[in-house]
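As given, the protein sequences belong to chains V and R, one line each in that order. At position 80 of the first sequence (counting the first as 1) the number is 80 in the working numbering, and the numbers step up by one without a gap. At position 53 of the second sequence (counting the first as 1) the number is 53 in the working numbering, and the numbers step up by one without a gap.
Source of the hints: derived by calculation from the structure; they are not laboratory data. Treat the hints with care, as some may be off.
To be verified - If the Cβ cut is set under 7 Å, some of the chain V residues that face chain R in the computed set are: (1) D50; (2) V51; (3) G176.
We put the CB at the ideal spot given by N, CA and C, even for glycine.
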Amino acid sequence: MRSDAPADAGFDDPLADRVNEARLATLGLLVAGLVHEINTPLGAINSNHDVLRRALGKLQDILADEVVEPHELDEVRRIVRAVDGILRVNDLAVERMRGLVSNLRNFGRIDGSGTDMADLHEGIDSTLAILAHELRPISVVKEFGELPRVPCRPQQVNQVFMNLLMNARQATPDGGSITIRTARLGDAVQVQISDTGAGIPSGQLGRIFEPGFTTRDGRIGMGLGLAICRQIVDRHGGRLHAASEPGRGATFTLHLPLVQPPRIEETVQRSPDRTEASHDEANSDTR
Amino acid sequence: MTMQNTVMVVDDEVMVTAALRSFLELETSYRVLGYTSARAALDALQTESVDVIVADFMMPEMDGITFLKAARDSRPLTSRVLLTGYADKENAIRAINDAGLYYYLEKPWNNDHLRLVIRNGIERSSLFNELDSRVAALESAHMELHGVRRRLLQAFR
Ligand SMILES: Nc1ncnc2c1ncn2[C@@H]1O[C@H](COP(=O)(O)OP(=O)(O)O)[C@@H](O)[C@H]1O
Ligand SMILES: [Mg+2]
Numbered sequence: 001m002r003s004d005a006p007a008d009a010g011f012d013d014p015l016a017d018r019v020n021e022a023r024l025a026t027l028g029l030l031v032a033g034l035v036h037e038i039n040t041p042l043g044a045i046n047s048n049h050d051v052l053r054r055a056l057g058k059l060q061d062i063l064a065d066e067v068v069e070p071h072e073l074d075e076v077r078r079i080v081r082a083v084d085g086i087l088r089v090n091d092l093a094v095e096r097m098r099g100l101v102s103n104l105r106n107f108g109r110i111d112g113s114g115t116d117m118a119d120l121h122e123g124i125d126s127t128l129a130i131l132a133h134e135l136r137p138i139s140v141v142k143e144f145g146e147l148p149r150v151p152c153r154p155q156q157v158n159q160v161f162m163n164l165l166m167n168a169r170q171a172t173p174d175g176g177s178i179t180i181r182t183a184r185l186g187d188a189v190q191v192q193i194s195d196t197g198a199g200i201p202s203g204q205l206g207r208i209f210e211p212g213f214t215t216r217d218g219r220i221g222m223g224l225g226l227a228i229c230r231q232i233v234d235r236h237g238g239r240l241h242a243a244s245e246p247g248r249g250a251t252f253t254l255h256l257p258l259v260q261p262p263r264i265e266e267t268v269q270r271s272p273d274r275t276e277a278s279h280d281e282a283n284s285d286t287r
Numbered sequence: 001m002t003m004q005n006t007v008m009v010v011d012d013e014v015m016v017t018a019a020l021r022s023f024l025e026l027e028t029s030y031r032v033l034g035y036t037s038a039r040a041a042l043d044a045l046q047t048e049s050v051d052v053i054v055a056d057f058m059m060p061e062m063d064g065i066t067f068l069k070a071a072r073d074s075r076p077l078t079s080r081v082l083l084t085g086y087a088d089k090e091n092a093i094r095a096i097n098d099a100g101l102y103y104y105l106e107k108p109w110n111n112d113h114l115r116l117v118i119r120n121g122i123e124r125s126s127l128f129n130e131l132d133s134r135v136a137a138l139e140s141a142h143m144e145l146h147g148v149r150r151r152l153l154q155a156f157r
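The following block holds chain R by itself, in its conformation from the complex (with noise of 0.2 Å):
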């Protein structure tokens, strides 16, 4: 039994965010968490673990890319998928290496193009996650041996 994903869609306009919704809970067992506002999804990723995170580029309180950004530093090992209407293409694909995001789509999306990018992008969060606990057991174990050198040189002094 392996843990539920969870997916978390952001965007101002409920259509939006509840047509996603019916498709990720019709075709797949991730939990799914919308949002209308920028500010309460990043509340929300205060204590809410996320896989990935697909978030509209023209939104009002903040574009989508600021809220990634923002989003980083909450959860920076998460996927930021970023969905921009036709006419922000050229300023969402500026912005998208300087905010690191993982992918973009374009509306009208197709919903098997989406599912990949969502499984992908929980897959690529669960590598980082693992690189991540990985690197911390090195470090301690880095740590330990330091600890370990000094007490020896210490007994043979």
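The following block holds chain V by itself, in its conformation from the complex (with noise of 0.2 Å):
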């Protein structure tokens, strides 16, 4: 749906109803993705359990007739190599999979959307882990700093990383890199996300963050990315910047408080007001 569409009467929001959208296209993706990772240990383990029951068939021929040959110990020996072979790709399968589950739990903090004392490279090494299939025709460099623990809303800025982590691999070709920095300046941690991709015009530089802004052919939910973003920035007392030279690539920065500020709000989805706020701040942007 897209926003001019007719407004029902429960929901007299447009915007709310875009990030929604969003929401769901950034979704989308990453089911595709996560489909796309979790199909080659499931085939492994598929074909292996095929062969596990092919060998112990053969195993049984073997031992049918009460005597074993001499040159049917070869046949043997065959058999345990293969199976030997097969655990150990089976172990590689389940730590894959334990590995993908955890991330997800990660991301998404079921164990809460509160505020909490979180480690930012755990947030970034998940959203990756996440993303692992669409980054794969990229090189993704981290140069991570010390880090303390940041007080935040782990799940929003995970969301944060998500968007500018999927921009800048759209941003990208194949082949081309994102890098990862982190530090600590003062009281306050930087992130910065940079890609060897297109880069942003220095004429769009300053609109990147407006709601529904968007270079991409008019597909659902597109154009929030940034703006969602900025506002979970905004809420947790942070700043979120642009610069790009073009056709050389993005980077955008991201500062968030150690401080714990005094009030971080609900999130985007239940108090959907306006993003106006941050528009002002776009022209900083243009530096």
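Take the two lone chains, each set in its own frame, and fit them into one complex as the hints suggest.
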């Protein structure tokens, strides 16, 4: 549903609708990636299970006639070797799926969407893991500094990482790279996400945080990623800026204060107040 | 005694190459070459003669179709099979004609089906090889006849 659709009685805020559309669009991409990630270990286990059954059948055939002939011993050794290899692969596959589940749990912070003292590196890592499929053709460089834990709503901050990384991915051709730098700057932490993609024309730099601003062809829920990021960051008392050298890439810089802000407000969904407030800052992006 | 057939398996996930190897080594007598790097596999094709190549679609260095196209340049008669995840299916099918692939299989694959596809692929490659050598033989016979004709004409001039 587009925002210009007639407003329903229950939905008097078109922005809230579109925020949800944006979330669904992100979710759709996410699910496609996850399906792919799960398919690899699943494919391996599925095949191995079948091979184990075949191996067992062969062993049963050999044992059926009571005496094991010397030449059959070679066959038995071959089977044992195959089974050994299979077990090792299954270990890997199970480990992979366990990791996926733990990253998903970490990303969504099922244990609560409340305020927490979060390890941002952990949040970045689990976001990267969830985007692993999307990011495969890109090389991701991590330059992590020493970071203290940060008072924030981890689920929302992960959403910021997710949107920034997705945008970087979408701007960067296969074979390009994305660099994530973190550092502590006094009583704030800084996270910088740079890509080697198309960059942002200077005329657009001031507008990219506007809700609905997009250069992608009109798919549902587009143009809200950065508006949502801005809003989340504002509510954390932080700052989010973009810089770009057109043709050579873009850098998004996030600052979050280490001192707990008076109140980190409810999520965008629950209190869909206007984001106009953050427009004023847009000019500061042309640095 | 026939020559041992060779199957090359290329997937960036060692889980997949190892699972395919386990199956093929248990159930067939093929020689199995497994690679987790498409580039390394292309290098190997310079020296190895391979009957069938099975390659994953989604790989970091180059995608499976680019790889299989490059493989065709060095081994034009080898049967090439693409292994795709469900999510890649549409892209993959679109590129299959373009790259002249023999078959595509979806992950998770069925082992019996895989074995059939590989066996048919080997047969297809060996028919192509035979055809190729027959054509070469015909060509050289043709050249020879041409030479004979020329010498005859010269003799009677
Ligand atoms: N890393 C980036 N490189 C180049 N352009 C970017 C980048 N991130 C954002 N943009 C630009 O900002 C616009 C708005 O981004 P966003 O709010 O996430 O919405 P959407 O991604 O749906 O277009 C994008 O359409 C794109 O033109
Ligand atoms: Mg976006």
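Each hint tested on the structure:
The criterion of a C-beta within 7 Å of any C-beta in chain R is met by D50 (chain V), whose closest approach is roughly 5 Å, and the hint holds. Hint status for V51 (chain V): holds, given a least beta-carbon distance of 5 Å to chain R, under 7 Å. For G176 (chain V), the interface hint is violated, since its Cβ never comes within 7 Å of a Cβ in chain R; the closest pair sits about 12 Å apart.
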